[in-house]
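Student: As a plain string of letters, each chain reads:
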Amino acid sequence: MLDARIPSGAINEHWDNHRTSIDLVSPANKRRFTIIVVGTGLAGASAAATLAELGYRVKAYTFHDSARRAHSIAAQGGINAAKNYPNDGDSIHRLFYDTVKGGDYRSRESNVYRLAQLSVEIIDQCTAQGVPFAREYGGLLANRSFGGAQVSRTFYARGQTGQQLLLGAYQAMMRQVDRGAVELHTQTEMLDVAVKDGRAVGIITRDLVTGEIASHPGHAVLLATGGYSNVFYLSTNAMKSNVTAVWRAHRRGALFANPCYTQIHPTCIPASDEFQSKLTLMSESLRNDGRIWVPVRAGDTRPPDDIGEADRDYYLERRYPAFGNLVPRDVASRAAKVEVDRGKGVGPLANGVYLDFEEALGRLGQATVRERYGNLFDMYHRITGDSPYETPMRIYPAMHYTMGGLWVDYNLMTTIRGLYALGEANFSDHGANRLGASALMQGLADGYFVIPYTLGDYLAPRLGESLVSSNDPAFVETEREVAARTERYLSIRGSRSVDWFHRELGKVLWENCGMERSADGLRRAISDIDSLKEEFDRDLRVLGASSTLNQSLEKAGRVDDFLQLARLMCVDALHREESCGGHFRVEHQTEDGEARRDDANFSYAAAWGWTDGDEPVLHQEPLAFEYVKPTRRSYK
Amino acid sequence: MLNLRRAGPEQARRAPWIVSIYRTDTGKKYAMAITGVLLLLFVLGHMIGNLHVFEGAHGDTFRIDEYGEGLRDLGEPLFPRTLVLWAFLRIPLAIAFVIHIHAAFALTRSNRAARETKYQSPRDYLAAGYASRTMRWSGVIVLLFLAWHLADLTIGVEAVNPEFVRGSVYHNLVSSLSRWPVWILYVAAQLALAFHIWHGAWSLFQSLGVNNPRFNRFRRTFAHAFATVVVAGFLSVPVGVALDIVS
Amino acid sequence: MHLTLRVWRQDGPGAEGRFETYEAAGIHQDMSFLEMLDLINERLVTGGREPIAFDHDCREGICGSCGMMIDGRAHGPQGSTATCQLHMREFSDGDTIVIEPWRATSFPIVRDLVVDRGAFDRIIEAGGYISAPTGSAPEANLTPVPKETADAAMDAAACIGCGACVAACPNGAAQLFTAAKVAHLNLIPQGQPERWMRVERMVETMEEYFGSCTNHGECEPACPKEISVDNIALMNRDYLFSKIRNRKLEGQR
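Residue numbers (our numbering), protein chains in the order written: chain W, 1 to 636; chain R, 1001 to 1247; chain U, 2001 to 2253.
Source of the hints: derived by calculation from the structure; they are not laboratory data.
Facing chain U, from chain W, some residues (calculated, C-beta under 8 Å): (1) Q125; (2) Q164; (3) S272; (4) T280.
Derived coverage of chain W by chain U (criterion: at least 3 residues anywhere in the stretch with Cβ under 8 Å from a Cβ of chain U; other residues may be distant): (5) 41-54; (6) 382-396; (7) 538-544.
The C-beta atom is built at its ideal place from N, Cα and C for all residues, glycine as well.
Please model the entire structure based on the sequences and the hints provided.
Tutor: Here it is, written out as structure tokens:
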């Protein structure tokens, strides 16, 4: 059984108690510690900046040409904080409650409470850094409401909140680079963790330009490398987002928790052809005024304007009269899948549903609609060539975020001592489903406010320990393995490109471990993935050399790890005999097709251990809900 | 990856501030803008002065000859003759010219260094007009013309204008512009000047940071109007000569 | 659609480059430009040739990774659009498309169409931040910011650091990038204490790497985020003041 090291006392005192009881490193001693931060998104950049401000020697790594390009930058909507500026009844407890409930009672209460507490400080911090949050005419900060909450607590910077928050953290980090406190390595990809005596002692990287494989020792290693939605091939994630850092840590002994908890976003632009490389998200706010429908008759290929009211099925309004088009993400996504699977999909590939603004345009007028959604309509027009003012949008759900990740304790430390996971890379705060505008909050809470304290607890007793030399077998051996793996991809000389394998994997996973999962489908997926992995090892074709920039080679390693992760996701999904949040098992639904949780048997985080070649081993962290009592969600 | 730089520029140099500003590219742009303003005022004044040619003769002297004499007499009797002309017009203008040209030359070098390998395929410009992209050529043409012009009508170098008579402005310009190659040179140079001002009189606002949404859209209009008026004025003289209005 | 591509291929930073011609048959007009390149690459790999290296990541116009000269224009023919959001319906059957990397001395070519824009990071390091160490921040609503100011700062802050401004500039100048950050931080109250030092250091660092601004205005239409050259005027003004004010500030010590 896993010990999350949750502090004692009432939940609102956990963080304070913890901070006063854990060990600290004194200011003069911090410079004796070298901290490795992998990834420079919200969590990584904020952690690197803060740790450097405190006096630690920080080495930060990104595979981009600049630290500013991490995928946090693409977050649109906003960031939640329990500031209660609108005076509408928000509080730390309410944010905590909403997040636990939104996570379908599969998150760790204590972590979520801390997140809600820190949310307030994040807004102060980011404002001081110059993040241009939206403001009211009086000059004070503006808020808007978001799904899953009854209060307005979301702070935003137009539709580019993630960009502005990331630039704030990036700039804070670059200030430390200028001071010499952060050593920034760009175009450098982490390919393994060096572990010695159960402790992380550094990382192995590959320079993406020269191909050089090198060891970097550190007293602690922080992974802030994001989520793994790209295992589905098509997702809203950036093309380079991958699981390699996390997966390699997992293979070195870090447990991987809840890999099957993935979030599907209901309003994305459907794929237009087989070569579609990624899906683009359209803000959820569109559902406020758009009506979702499909033709009543399957295979109806008439253009939407020719389909009369009588031949349209506004299925969300029909099935969920109370919430209508505004049901939560998971419900809306699944309902769309049901219709498309019945052959009622629309568009050239019959892979979408209509999101129709005709009624809104009539009710509000074009000017108002343009004011509210103009930039989204323009983006849709740019991508599809259709104008939503004239013809309904086509939308379909897409993979968006992964709640699962490396298992961490209250200090954000994984089961490898000295190895930490921050932001989307860990599993702790969102349970089985994440609420909108909470991902930015978690990334920044972890980086700015959690890790700077909790790191001391691990480091303080190690004062005076020197860095493990890069000549140590822990490094030499791992470096050798990394080099061998890289060369192996080049030496297979098969016939299929990396992208082909990735696409095939995506199809298998989306079909069987996507919005709906069944025991049969998952078993089939596991065997399909096994044979795909076998084919990958035999028939992969990567051209070029390892000593230059070689984007296919980079991707080969990432897809290799995705193949292994995908299997674990299916194993996890198969073992979790319940439906909760983003995990919907067809065997576990109510008569009217809603998710049925099994709190008696599955109220735990499933943390899987890697066993080289054998089936993964399950470790459980029981989840106790003392402050938010689990109930069933209903949106009828 | 480029090397991480650490030293702050504020510790770097201790030159007088005007020199330290001029050492930067941005400072050179200020210099170009400020000298540009002076030169614009000069060409405007020069153009207006030229129009005296159309006033013809006043008794037995041409009005423009009187005007030329008047410039030399500026400040009299307080100052010696031609002192004001030299001290407040010719020398400052010459300095402005030198700074303007030096800055342009230095910036061109810096810009070339910023793109050592040029684009290997044709560019498709959207905003950079013919005028802005040919500033250095229109500038060179104007400079060469200036040299000619000084030799032709100010100094009266024998080889350039054999019929030059000191003080007889009207006679000098008519005799000079009656030669068709000179006429063409004069007109071509004025067109180059028009292009130069077309961009320059707008650019100086940007370089000096004079911008405000209230008047931003007038800045280009101003530049284009200025270029048009000045060059139309200048061109009226050779046109007048060609049409025998001035003879 | 059937297209002919002329693509710049270069094996490494110091290597000699050349245009290579590829026939692109069966291009669907709903493909994005980068998906078209993906398809070409897939065919190259199948044919045993190395794929074209190009930088890209988010493919939704915000990370700033992608960027290439397409037919002589930064990010191609569609205005206010990064390369990743350019779609093939902007082209016609039979077109020849010329693709070249950004060219600037401080954006060295890494390979094919990939360049290193690390020089932008140097400019940010020099002062593109507000010094607000974690934990030291006052309550967020303590300092009201006029909405107009916040909006103007946001307009400037929208910069994605793609480098199109440098690529498009006939002088290889980075004024639009630098000015966008200077304007963002110099406009808002939180940025005032470091205002003059920021602009002085950023401008002088910029000049170490890039050319000078001669106000062609070519950067503005190339910018996928429609950042205005008005920001450059603001930066020029602030830089001039900084040369005076920073001397005064030094004198106060």
